[in-house]
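Got chain A; can you put chain B on it based on the hints?
Going down the list, the sequences are from chains A and B. Using full-length UniProt numbering, the letters of the first sequence correspond one by one to residues 1 to 64. Using full-length UniProt numbering, the letters of the second sequence correspond one by one to residues 1 to 493.
Hints are computed from structural coordinates only; laboratory data are not their basis. Remember, predicted model here, so these are calculated numbers, not experimental data. Glycine included, C-beta positions come from ideal geometry on N, C-alpha and C. It is possible that part of the hints are untrue.
[As the list claims (entries may be wrong)] Heads up, simulated DSS-like pairs for lysine-lysine below, C-alpha to C-alpha not over 30 Å straight-line: (1) B:K50 x A:K28; (2) A:K28 x B:K145; (3) B:K140 x A:K38; (4) A:K28 x A:K4; (5) B:K193 x A:K59; (6) A:K28 x B:K447; (7) B:K86 x A:K38; (8) A:K4 x B:K86; (9) A:K59 x B:K145; (10) B:K86 x A:K28.
[Stated by the list, open to error] Only part of the chain B face toward chain A is listed, based on derived beta-carbon distances under 8 Å: (11) A75; (12) C76; (13) R85; (14) K86; (15) A192; (16) P196; (17) F199; (18) H202; (19) R203; (20) R204; (21) T206.
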Amino acid sequence: MAFKIIASQCTQCGACEFECPSGAIELKRDNYVIDPDKCTECEGAFETQQCAAVCPVPKTCVPA
Amino acid sequence: MTASMISLDSLASAKTSHRRLTIAKSSNCKSSSCGSTAKPNDIDAAVWEKIKDHPCYSEEAHHYFARMHVAVAPACNIQCNYCNRKYDCANESRPGVVSEKLTPDQALRKVIAVANEVPQLSVLGIAGPGDACYDWQRTKATFEKVIAEIPDIKLCISTNGLALPDHVDELASMNVDHVTITINMVDPQIGAKIYPWIFYNHRRYTGIEAAEILHERQMLGLEMLAARGILTKINSVMIPGVNDEHLIEVNRWVKERGAFLHNVMPLISEPAHGTYYGLTGQRAPRPIELKALQDRLENGAKLMRHCRQCRADAVGLLGEDRGKEFMLDQIPGELSYDDRNRAAYREVVAQERSIHAAAKSEAIEMVKAAGPDGSLQIAVATKGGGRINEHFGHAKEFQIYEASPRGIAFVGHRKIEQYCRGGWGDDATLDAVIVALEGIDIVLCAKIGDCPKKRLADAGIRAMHAYSYDYIETAISAVYAAEFGVGPLTATA
Numbered sequence: 001m002a003f004k005i006i007a008s009q010c011t012q013c014g015a016c017e018f019e020c021p022s023g024a025i026e027l028k029r030d031n032y033v034i035d036p037d038k039c040t041e042c043e044g045a046f047e048t049q050q051c052a053a054v055c056p057v058p059k060t061c062v063p064a
Numbered sequence: 001m002t003a004s005m006i007s008l009d010s011l012a013s014a015k016t017s018h019r020r021l022t023i024a025k026s027s028n029c030k031s032s033s034c035g036s037t038a039k040p041n042d043i044d045a046a047v048w049e050k051i052k053d054h055p056c057y058s059e060e061a062h063h064y065f066a067r068m069h070v071a072v073a074p075a076c077n078i079q080c081n082y083c084n085r086k087y088d089c090a091n092e093s094r095p096g097v098v099s100e101k102l103t104p105d106q107a108l109r110k111v112i113a114v115a116n117e118v119p120q121l122s123v124l125g126i127a128g129p130g131d132a133c134y135d136w137q138r139t140k141a142t143f144e145k146v147i148a149e150i151p152d153i154k155l156c157i158s159t160n161g162l163a164l165p166d167h168v169d170e171l172a173s174m175n176v177d178h179v180t181i182t183i184n185m186v187d188p189q190i191g192a193k194i195y196p197w198i199f200y201n202h203r204r205y206t207g208i209e210a211a212e213i214l215h216e217r218q219m220l221g222l223e224m225l226a227a228r229g230i231l232t233k234i235n236s237v238m239i240p241g242v243n244d245e246h247l248i249e250v251n252r253w254v255k256e257r258g259a260f261l262h263n264v265m266p267l268i269s270e271p272a273h274g275t276y277y278g279l280t281g282q283r284a285p286r287p288i289e290l291k292a293l294q295d296r297l298e299n300g301a302k303l304m305r306h307c308r309q310c311r312a313d314a315v316g317l318l319g320e321d322r323g324k325e326f327m328l329d330q331i332p333g334e335l336s337y338d339d340r341n342r343a344a345y346r347e348v349v350a351q352e353r354s355i356h357a358a359a360k361s362e363a364i365e366m367v368k369a370a371g372p373d374g375s376l377q378i379a380v381a382t383k384g385g386g387r388i389n390e391h392f393g394h395a396k397e398f399q400i401y402e403a404s405p406r407g408i409a410f411v412g413h414r415k416i417e418q419y420c421r422g423g424w425g426d427d428a429t430l431d432a433v434i435v436a437l438e439g440i441d442i443v444l445c446a447k448i449g450d451c452p453k454k455r456l457a458d459a460g461i462r463a464m465h466a467y468s469y470d471y472i473e474t475a476i477s478a479v480y481a482a483e484f485g486v487g488p489l490t491a492t493a
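One chain only, chain A, in its complex shape:
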């Protein structure tokens, strides 16, 4: 299981990048992307998915 970022909605603020406990998010070319192999949905680390909780735009960081 993993999360994904809807690129057309993303403001590229980068808050998700430094909140992600798994280092699964990075800026590739002009978009932030989540590496599905690294994403753990924050299981065992936090009670909510950090990327989705900090994202300023609704429905932009969602279950893949």
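The following block gives chain B in isolation, referenced to the frame of chain A:
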């Protein structure tokens, strides 16, 4: 006085620094100690040292010094109802808006480019477009890089306060002397109407709980800054029907906790900006409502009245954004800092402003000595330097002064659309300018044509260019004395 006028003409140009320096050295003034000190009487010496070159913290300094913001901190830990994170437009001037986000290395290049070209530059601020304390790694890296190259630049940050307590010690160790916290409430019930959510301790909080946490963190941050002697300015957004009356309470709280300056700004809520308030029809305060609230707060924390609600990538003197001249693609890849322009400018300004301060206090005394119950609202067109040196048709804003038996006070500014473009004026624009000048008795400018002068006169506003290039206060005192009758007019600088 001729020498200082020549030097003022060249203030805005970076090309003439050596000429300026020559003028400064050959002037009759041997040092900056001539005339009276520029320090206002009600500010203690240590505080004055910190604010005298800071255009946002000192109303006096904003005539002489410029700031720049680098947009290195896009991430935010709060959602505010007056902010839309998706919106981004080069033609808008308001907080949170930027044209390009920068990495710390790009920011360093931009600061050096501006420092070489804009001799007035004295302050580097990081004001988002997100939160400088939340996006801390990028804020800190930028400051460290810049200070290694330009050690005398003043650093400041703007923050919502939520992450502030975590970084106060680092701010102090980096000599960040100035911090702005945006505080819109001290009552979480009201906060819940302004902030839909916050992100704190790895989770999202909403409602009263969110506002309570934010409030506690803001007060803690402010107290920690005050304890370390870091000057703190409080920004409050005035939202009619939500927190307008409440800001009187906010003013008392922040003053008790050591805030240096309180800046009450009007909500910006045009529907086109797509903010929650814009979309729900929350109105902005009218200029007269803002001024009425500011007048009621006058006895609390010292008020800031010259704020331009600038972009998070603004460059230049307040009211004159030169950001577009310094986009990354216009900056050479290889750059080194050349301190000559800034050094020469400082030398000239040190003299000029002490002469200005003397003229200003003389003018204020004259007004106090004039008629007992006169009051004038005066709009001034200026490009800086404390003088009436802008043509009516070229002005993009007027600075508003009030002359009364209490003296001469700067009370605000009004933005307008430039009336004259390429030699001819536009009637519709002039109509809008006249509307913006509602309540003004007299306009002082460097030059004005007969036609707009007559149109203004028909609207009951007298425009004058008789005091071109005089100090603003000197001209106001002359006008005031002529109006309310005291002896012959003397001092015109």
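> With a cut-off of 8 Å, does the beta carbon of B:C76 approach a beta carbon of chain A closely enough for the hint to hold?
Replying inline: Check passed: Cβ of B:C76 comes within 6 Å of chain A, closer than 8 Å.
> Close enough to count: is the Cβ of B:R204 nearer than 8 Å to one in chain A?
Replying inline: Holds: closest Cβ of chain A sits about 4 Å from B:R204, inside 8 Å.
> Given the hinted pair A:K59 and B:K145, is their alpha-carbon gap at most 30 Å?
Replying inline: violated (37 Å)
> Would the pair A:K28 and B:K145 pass a check requiring their Cα atoms to be no farther apart than 30 Å?
Replying inline: Within the cut-off at roughly 25 Å; holds.
> Given B:K86 as an interface hint, is the shortest Cβ-Cβ distance to chain A below 8 Å?
Replying inline: Hint holds; B:K86 Cβ to chain A Cβ min 6 Å, cut 8 Å.
> Would the pair B:K50 and A:K28 pass a check requiring their Cα atoms to be no farther apart than 30 Å?
Replying inline: violated (43 Å)
> Quick one, is the B:T206 hint okay against chain A at 8 Å, beta carbons?
Replying inline: Given a least distance of 11 Å, the restraint on B:T206 is violated.
>> Please verify whether B:K193 and A:K59 have alpha carbons no more than 30 Å apart.
In response: Holds, because 22 Å separates the two Cα atoms, which is no more than 30 Å.
> Are the Cα atoms of B:K86 and A:K28 separated by 30 Å or less?
Replying inline: The given pair, whose Cα atoms are some 20 Å apart, holds under the 30 Å limit.
> At a threshold of 8 Å, is the proposed contact between B:F199 and chain A supported by beta-carbon distances?
Replying inline: holds (5 Å)
> Hint check: is the beta carbon of B:A75 less than 8 Å from a beta carbon of chain A?
Replying inline: This interface hint holds because 4 Å falls under the 8 Å limit.
>> Can you confirm whether the C-alpha distance between B:K86 and A:K38 stays at or below 30 Å?
In response: holds (28 Å)
Taken one by one, the earlier hints fail for this structure at numbers 1, 6, 9, 15, 16, 21, listed in ascending order.
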